[in-house]
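Peer 1: Given next are the chains, with one letter for each unit.
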Amino acid sequence: GDSVTQMEGPVTLSEEAFLTINCTYTATGYPSLFWYVQYPGEGLQLLLKATKADDKGSNKGFEATYRKETTSFHLEKGSVQVSDSAVYFCALSDGAAGNKLTFGGGTRVLVKP
Amino acid sequence: GAVVSQHPSWVICKSGTSVKIECRSLDFQATTMFWYRQFPKQSLMLMATSNEGSKATYEQGVEKDKFLINHASLTLSTLTVTSAHPEDSSFYICSARDSGRRSYNEQFFGPGTRLTVL
Numbered sequence: 001g002d003s004v005t006q007m008e009g010p011v012t013l014s015e016e017a018f019l020t021i022n023c024t025y026t027a028t029g030y031p032s033l034f035w036y037v038q039y040p041g042e043g044l045q046l047l048l049k050a051t052k053a054d055d056k057g058s059n060k061g062f063e064a065t066y067r068k069e070t071t072s073f074h075l076e077k078g079s080v081q082v083s084d085s086a087v088y089f090c091a092l093s094d095g096a097a098g099n100k101l102t103f104g105g106g107t108r109v110l111v112k113p
Numbered sequence: 114g115a116v117v118s119q120h121p122s123w124v125i126c127k128s129g130t131s132v133k134i135e136c137r138s139l140d141f142q143a144t145t146m147f148w149y150r151q152f153p154k155q156s157l158m159l160m161a162t163s164n165e166g167s168k169a170t171y172e173q174g175v176e177k178d179k180f181l182i183n184h185a186s187l188t189l190s191t192l193t194v195t196s197a198h199p200e201d202s203s204f205y206i207c208s209a210r211d212s213g214r215r216s217y218n219e220q221f222f223g224p225g226t227r228l229t230v231l
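Those sequence lines, one after another, are chains A and F.
If you use the working numbering, the first sequence corresponds to residues 1 to 113, in order.
If you use the working numbering, the second sequence corresponds to residues 114 to 231, in order.
Read the hints as simulated data drawn from the structure, not as lab findings.
Keep in mind it's a predicted model, so treat the numbers as computed, not measured.
Each hint should be verified, as a subset may be incorrect.
Facing chain A, a subset of chain F residues (Cβ under 8 Å, in silico) [stated by the list, open to error]:
hint	residue
1	THR144
2	SER156
3	LEU157
4	LEU159
5	GLY174
6	ASP178
7	ASN183
8	LEU187
9	GLN220
10	PHE222
11	GLY223
12	PRO224
Computed list of lysine-lysine pairs in PhoX-like fashion (alpha-carbon distance at most 25 Å, straight line) [said to hold, decoys possible]:
hint	chain 1	residue 1	chain 2	residue 2
13	A	LYS100	F	LYS179
14	F	LYS127	A	LYS100
15	F	LYS154	A	LYS77
16	F	LYS179	F	LYS168
17	A	LYS52	A	LYS100
18	A	LYS112	A	LYS77
19	A	LYS100	F	LYS168
20	A	LYS77	A	LYS60
Every residue, glycine too, gets a C-beta built ideally from N, C-alpha and C.
Can you build the whole structure from these sequences, using the hints too?
Peer 2: Written as structure tokens, this is what we have:
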């Protein structure tokens, strides 16, 4: 079945540092890929998405590129802020599986001033 | 746009009682809603897919008689945890798919409901 693997946290960074969260996937079809963010005490919010190979999703300074050859969708941000402290989830939606979302385990990011 | 609400945001109940959680799409119609369960510091696990006007589809290992789902309208789905026990304590999150959007596979998430069973 489909699965998503992302690096375990917590990841602790200083403000303005570079952030990378690795995400790899396995899927039977041609999935869409997503990054969701969950701020403390809140629900999930879509951060960015990519629907086909080589697409780059971007939002709020975050970027991720859909790499079919390496089945990856790594999240990056060049200069993090304290407000980026949250849990980040990589996910895929596979049309062959009824477009249900499959989530990775989540990566907690803590940005210190 | 694309706002999903949940009520209540948190609930504490006694063991053996039933608890109902509502999920509403506030500004769009949703023929399909999803219910997830999230344990502390863990990922979301899909429990069931709720389809308006028909029976929910439950994931393997989820007891349909314990977690009753009703999707009676295009903007409301409810999850009832029957005869709740302490092991049912968790964070329950719903999401909804906008029926009218071209990117129909995108889900919009509610803020979650924290259930504590004493």
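Peer 1: Taking the hints in turn, state whether each one holds.
Peer 2: Verification of the supplied hints:
1. Checking THR144 (chain F) against chain A by beta carbon gives a least distance of about 13 Å; that is not within 8 Å, so the hint is violated.
2. Annotation: SER156 (chain F) was flagged as interfacial toward chain A, and the flag holds, the nearest CB pair being 5 Å apart, inside 8 Å.
3. A distance limit of 8 Å between C-beta atoms decides the matter here; for LEU157 (chain F) the minimum to chain A is near 5 Å, and the interface restraint holds.
4. Checking LEU159 (chain F) against chain A by beta carbon gives a least distance of about 6 Å; that is within 8 Å, so the hint holds.
5. Checking GLY174 (chain F) against chain A by beta carbon gives a least distance of about 13 Å; that is not within 8 Å, so the hint is violated.
6. Hint status for ASP178 (chain F): violated, given a least beta-carbon distance of 22 Å to chain A, over 8 Å.
7. For ASN183 (chain F), the interface hint is violated, the least distance from its beta-carbon to any beta-carbon of chain A being 20 Å, above 8 Å.
8. Restraint check, LEU187 (chain F) versus chain A: the minimum CB separation of about 18 Å is more than 8 Å; hint violated.
9. Proximity of GLN220 (chain F) to chain A holds as hinted, the smallest CB-CB distance being about 6 Å (cut-off 8 Å).
10. With a least beta-carbon distance of about 4 Å to chain A, the hint placing PHE222 (chain F) at the interface is held under the 8 Å criterion.
11. The interface hint given for GLY223 (chain F) is met, as the beta carbon of that residue sits about 5 Å from the closest beta carbon of chain A, less than 8 Å.
12. A least Cβ separation of about 4 Å between PRO224 (chain F) and chain A falls short of the 8 Å threshold, and the interface hint therefore holds.
13. For the given pair, LYS100 (chain A) sits about 22 Å from LYS179 (chain F) by alpha-carbon distance, which is consistent with the 25 Å threshold.
14. For a cut-off of 25 Å, the pair hint linking LYS127 (chain F) to LYS100 (chain A) is broken: about 33 Å separates their Cα positions.
15. For the suggested pair LYS154 (chain F) and LYS77 (chain A), the alpha carbons sit about 23 Å apart, so the restraint of at most 25 Å is met.
16. Of the pairs offered as hints, the one joining LYS179 (chain F) and LYS168 (chain F) holds, with about 15 Å between alpha carbons and a cut-off of 25 Å not exceeded.
17. Of the pairs offered as hints, the one joining LYS52 (chain A) and LYS100 (chain A) holds, with about 17 Å between alpha carbons and a cut-off of 25 Å not exceeded.
18. The suggested pairing of LYS112 (chain A) with LYS77 (chain A) holds, with an alpha-carbon distance near 15 Å, which does not exceed 25 Å.
19. With a CA separation close to 17 Å, the supplied pair LYS100 (chain A) and LYS168 (chain F) stays within the 25 Å bound.
20. Of the pairs offered as hints, the one joining LYS77 (chain A) and LYS60 (chain A) holds, with about 9 Å between alpha carbons and a cut-off of 25 Å not exceeded.
The structure is inconsistent with the numbered hints 1, 5, 6, 7, 8, 14, although it conforms to all the rest.
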